[in-house]
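**Q** Chains as they are written, first to last, in this note's numbering: chain U, 1 to 477; chain R, 1 to 133; chain G, 1 to 397.
No lab work stands behind these hints: they were computed from the structure. Among the hints, a few may not be true.
[Said to hold, decoys possible] Just a few of them, taken from the derived set where beta-carbon distance is under 7 Å, the chain R residues facing chain U:
1. Glu43
2. Arg47
3. Pro64
4. Ile65
5. Phe109
6. Pro113
[To be verified] Pair ranges (Cβ atoms, derived):
7. G:Asp144 with U:Pro137: 19 to 25 Å
8. G:Thr13 with U:Arg191: 49 to 55 Å
9. U:Leu338 with G:Thr13: 33 to 39 Å
10. G:Glu270 with U:Phe34: 39 to 45 Å
11. G:Leu37 with U:Gly343: 55 to 61 Å
Because the structure is a prediction, the values reported are computed rather than measured. For each residue, glycine too, the CB sits at the ideal point set by N, CA and C.
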Amino acid sequence: MIFENVLDIGQLVILIYFLALNSAYLSFTVIAFFDLVKYRRKLYRGDLRVVLTENAYRPISILVPAHNERETIVSNVRSLLALGYPEFEIIVINDGSTDDTVDVLRQAFGLFLVPAATRVAIKSKPFKAVYRSLDHPSLVVVDKENGGKSDALNAGLNVASYPLYCSIDADSLLESDAVLRVARAFAEDERIVAAGGIVRVLNGSVVSEGRVVEAQSPGRPMLLAQALEYIRGFLTGRTALARLNSLMIISGAFGIFRKDAVIAAGGYRRDTVCEDMELIVRLHRRSRERKEPGKVIFVPDPICWTQIPSDWRSLLRQRDRWQRGLLESLWMHRRMFLNPRYGSAGLIAMPYYTLFEAIGPLVEAFGYLFIVALWLLGRLETEFAVLFFLFAILYDIVLTVGALILDDLLFRRYSRTFDLARMIAGSFMAYLGYRQILAFQRSLSFVTVFIKRRKWEKVKRQAISPAPVRMQEAGGR
Amino acid sequence: MKNGNGSQKNCIVIAEDDDLTGELIEAVAARPGRQVLRANDGEAALRLIREHQPQLVVLDLFIPIRGGMEVLRLARKEGDPKRPRVLVLSAQGQLGTEEEARRSGADDFLAKPFIPGELAARIDRLLGKEAVQ
Amino acid sequence: MIGGYLSQTFGYTLFMILAAVVLTLGAVVTVVCFALLAHHMLSSRRRQYRAALVARAIKLLAPVVATGGDLDLAVADARRRVGDRAVAEVLRRARLELKGAVASQLSRLLSEMGETSRLAQEARSRRTWKRTAAIRGLGECGGDQACNYLITAAQDPQPAVRRAARDALLSDRREESVRAAVISFLDDVPKRSGWRREFYSRLASVASGALLDLTTSGKLEPREEKLALEALGDVRERRAIPHARARLSAEDAELRATAVRVLGKLGDIESEQSMVRLLDDPESFVRSTAARAIEAIPAQASTLDALGKRLTDPVWWVRANAAHTLAHKGEDGAQILVEIMEGSDRYAQQISISALTHVNFSRAIQERLEQLLPRFSSDPETGAMLALLRTAQGAAQ
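Build the full structure now, drawing on both the sequences and the hints.
**A** Next up, the structure:
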């Protein structure tokens with residue numbers, strides 16, 4: 001009898017968790033809807049021009065940490081140099097690459113060695129050399145000993161000379177007005193310490209001269225599922241969390257920060273796998289502890305296009321890293337959990353990320369196992385199981401389609417109806433294996449978090465060539 | 001039709017990504033016997049400059065792919081004797097931009113919004129100066 | 001899998017309820033998906049059609065606007081061919097790009113074709129965002145009719161609308177419009193400093209005289225005066241010099257720093273001595289700002305010496321800025337940097353070497369540096385920097 005009770009309670013727990021999780025997501029969608037509509041209505045074509053014309057903007061340093069990026073680094077620096085922003089510098093930090101990243105850069109941009117007396121605001125591994133470019137006065141290349149991505153970013157912070165900085169991945173593409181759009185938010189509201197833009201999936205789109213000329217959805221189900229995750233996560237999740245001032249993640253692929261705030265908080269920590277998330281949590285914590293106004297916002301229209309893993313191995317490795325980073329950040333700042341002193345960050349953000357983002361995959365994986373166990377015990381009521389599963393899928397698809405609708409009505413990135421149809425089909429297909437595998441993988445991260453140490457993680461990349469090409473969809477190797 | 005130092009006489013390249021502004025500048029610059037070419041981004045502008053070796057480039061500073069400043073520097077660097085004259089047209093009203101543009105080799109600077117007559121006069125002057133030399 | 005417990009309690013009823021929910025949800029999802037796709041297809045086509053109309057309107061109107069042909073005729077013709085909406089959009093956009101007589105003519109045409117009245121109608125909407133959008137549109141139209149509405153809108157109960165109205169009035173550039181914008185701004189100074197900075201900056205580029213009057217009127221608090229002064233410096237308003245010079249001895253440290261920065265931007269030679277005095281300011285950020293500002297003015301020997309003293313300042317930024325400025329002061333400045341390298345302060349040596357990378361210096365300096373090299377055998381790091389400076393100089397030349 002006790003055994004039966006356990007089974008019943010197990011089911012009840014899963015059911016309640018499922019309802020809570022999806023209600024949270026549904027309310028996010030609703031919040032995001034109102035917020036995005038409001039944002040969209042405020043947009044005015046003259047606004048960006050105002051930022052350019054007046055002196056409301058602040059100059060910005062763009063930090064590009066690079067580790068073995070010889071394939072993509074030149075085209076990326078080139079596209080960054082054409083960024084539509086009045087005053088900026090680009091700092092490429094070569095983090096002890098074992099390939100000839102620096103030589104490739106040296107040839108392409110006419111780099112020459114310069115002596116540099118750098119103020120050490122945050123400790124980082126020693127510099128081997130600092131280069132400047134003959135052709136581009138705003139380009140700086142720092143060659144330093146290997147120390148990981150956070151160390152590279154810290155080094156970049158020391159070299160950076162402008163009050164704002166933007167961290168981007170060496171393999172991402174920024175829309176030319178992306179920085180301008182985020183910087184406008186900084187100019188309007190001085191309480192902002194960090195802001196993130198939307199990160200979208202580059203795979204499948206047509207790229208020419210380092211620019212996305214036509215956004216298209218990827219064709220393979222596994223890439224589609226990821227593309228949908230990005231749209232949903234950014235457009236509904238982050239918008240809503242930012243609205244509640246509880247945004248705890250700004251993608252390392254594209255985020256803009258106030259340099260003084262980050263330096264005061266101590267820069268990036270080197271002992272975590274997800275330095276970007278940990279930093280944001282710390283910024284929240286610091287501003288609450290010192291009672292300084294500090295806001296972390298999400299701006300939905302500046303786009304950073306990123307290449308996602310196209311083979312399962314890199315995908316699983318990436319997700320493992322994210323999950324471990326999340327767990328580590330939450331554990332490091334466990335003090336904030338449900339602590340009213342930290343305001344919405346402690347009362348909303350921490351519980352949300354802990355309950356749903358961290359434990360979510362565990363419960364999901366447990367649920368799948370539970371069904372199998374019930375079935376093995378012959379106690380599975382098939383009709384109920386099927387119905388419930390259908391219900392779960394449909395609920396999830398409602399949320400995904402909701403995000404797609406927001407995306408389409410407000411920003412209209414896909415010009416072909418076909419791409420949209422493919423995305424909708426993808427939201428069904430994500431249930432045929434993709435979600436399950438990720439749920440198990442992320443549950444496994446609870447174990448690996450104790451074992452693995454941080455290291456540079458690579459996504460197999462395609463060089464961004466000048467001629468129009470469809471970004472890679474085939475397997476990674 | 002080429003003049004003494006190799007640049008094509010009466011050829012103007014306009015680098016401007018906004019369709020309306022581009023059309024306005026083109027209409028201002030157009031004269032019988034003048035060739036006016038338009039580019040929507042920096043890369044295309046450089047290509048046109050290389051191919052046609054124009055006498056004058058009217059350059060917006062905020063154009064995609066390669067920014068106006070870069071086009072300016074490259075246009076002034078490539079093959080010094082036949083380099084084109086450059087008129088920078090920018091939405092940035094600050095004088096800092098004008099100083100920077102002139103340092104990078106711009107021959108003239110005009111802030112938007114502009115008076116069509118003034119733009120026409122400056123274009124004529126820049127083309128005329130070349131003819132006198 | 002809602003087995004045992006639940007089905008025992010509710011059994012068949014629950015099953016039916018769940019089945020109904022699933023079916024409804026499925027139907028709703030299907031309908032919504034198809035609706036989304038249909039909407040996408042139709043609206044894409046509509047957008048393309050509209051874009052094509054605007055493109056045609058541009059082709060029809062731009063040449064006439066640019067060359068000063070008969071605009072009335074061209075507009076009448078274009079309205080017949082592509083419709084009012086596309087024509088109005090093109091005229092509004094063209095007015096943003098142009099100024100002078102053409103701009104007024106465009107305003108008149110927009111008013112005559114009823115666009116201004118249409119927007120004025122919309123500006124009476126109950127929704128804030130609609131009002132704001134209409135106000136911005138009116139700003140694009142310009143002209144007397146639009147400005148009358150804008151002056152009313154500058155008193156709107158919503159701050160966002162007031163801000164848009166002020167922006168629109170400023171872009172009209174005429175004296176009475178600017179005055180109305182300033183009055184509205186002083187009536188309710190926005191809480192966000194970003195909005196205030198934006199206002200000063202726009203005012204400076206449109207009517208720097210009006211901003212100068214505002215700055216010297218004494219109506220602004222120090223933090224406001226700082227923003228206003230900065231904006232004046234950005235547009236190189238030389239008439240602000242006496243006021244900025246007076247503010248060099250302000251009590252508020254940030255105002256002092258702003259004043260010295262603005263004087264640097266304006267390149268005011270006569271303020272040199274007063275600016276040099278700020279190199280000894282108790283606040284480090286004032287010292288570093290002053291060190292940087294002096295770059296823009298041709299400095300006397302005593303000024304260079306004062307900068308040289310700052311190379312050993314306890315604060316890094318002051319040292320760095322002083323070195324930077326000295327490096328840009330030609331032979332005399334470079335001499336001072338080389339002299340400090342002959343001293344024993346390692347930080348000052350390194351910052352001096354670093355600063356010299358940004359400039360090309362003379363052969364004489366280069367030779368002195370060569371002679372210095374052996375002195376750094378006991379300090380390989382600084383020695384290596386110096387050696388690098390030599391190669392970098394070679395690469396840059």
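**Q** Does the closest beta carbon of chain U sit nearer than 7 Å to the beta carbon of Pro64 (chain R)?
**A** It holds, given that the least Cβ distance between Pro64 (chain R) and chain U is near 5 Å, below 7 Å.
**Q** So does Leu37 (chain G) sit 55 to 61 Å from Gly343 (chain U), Cβ to Cβ?
**A** 42 Å, violated
**Q** Report holds or violated for the interface hint on Phe109 (chain R), using the least CB-CB distance to chain U and a cut-off of 7 Å.
**A** 14 Å, violated
**Q** Does Pro113 (chain R) hold up as a contact with chain U if the rule is Cβ-Cβ below 7 Å?
**A** With a minimum Cβ separation of about 10 Å from chain U (threshold 7 Å), the hint on Pro113 (chain R) is violated.
**Q** Given Ile65 (chain R) as an interface hint, is its Cβ closer than 7 Å to any Cβ of chain U?
**A** Holds: closest Cβ of chain U sits about 5 Å from Ile65 (chain R), inside 7 Å.
**Q** Honestly, do Leu338 (chain U) and Thr13 (chain G) meet the 33 to 39 Å range at C-beta?
**A** 38 Å, holds
**Q** Using the Cβ atoms, figure out if Thr13 (chain G) sits within 49 to 55 Å of Arg191 (chain U).
**A** Roughly 53 Å apart at Cβ, these two residues keep to the hinted range, so it holds.
**Q** Holds or violated: the hint that Arg47 (chain R) contacts chain U, with Cβ atoms closer than 7 Å.
**A** Interface hint status for Arg47 (chain R): violated (11 Å vs cutoff 7 Å).
**Q** With a cut-off of 7 Å on the beta carbons, see whether Glu43 (chain R) makes it to chain U.
**A** 6 Å, holds
**Q** Does the beta carbon distance between Asp144 (chain G) and Pro137 (chain U) stay inside 19 to 25 Å, or does it fall outside?
**A** 47 Å, violated
**Q** In this structure, is the beta-carbon distance linking Glu270 (chain G) and Phe34 (chain U) contained in 39 to 45 Å?
**A** Cβ of Glu270 (chain G) to Cβ of Phe34 (chain U): about 57 Å, so the range 39 to 45 Å is violated.
When each numbered hint is compared with the structure, violations occur for hints 2, 5, 6, 7, 10, 11.
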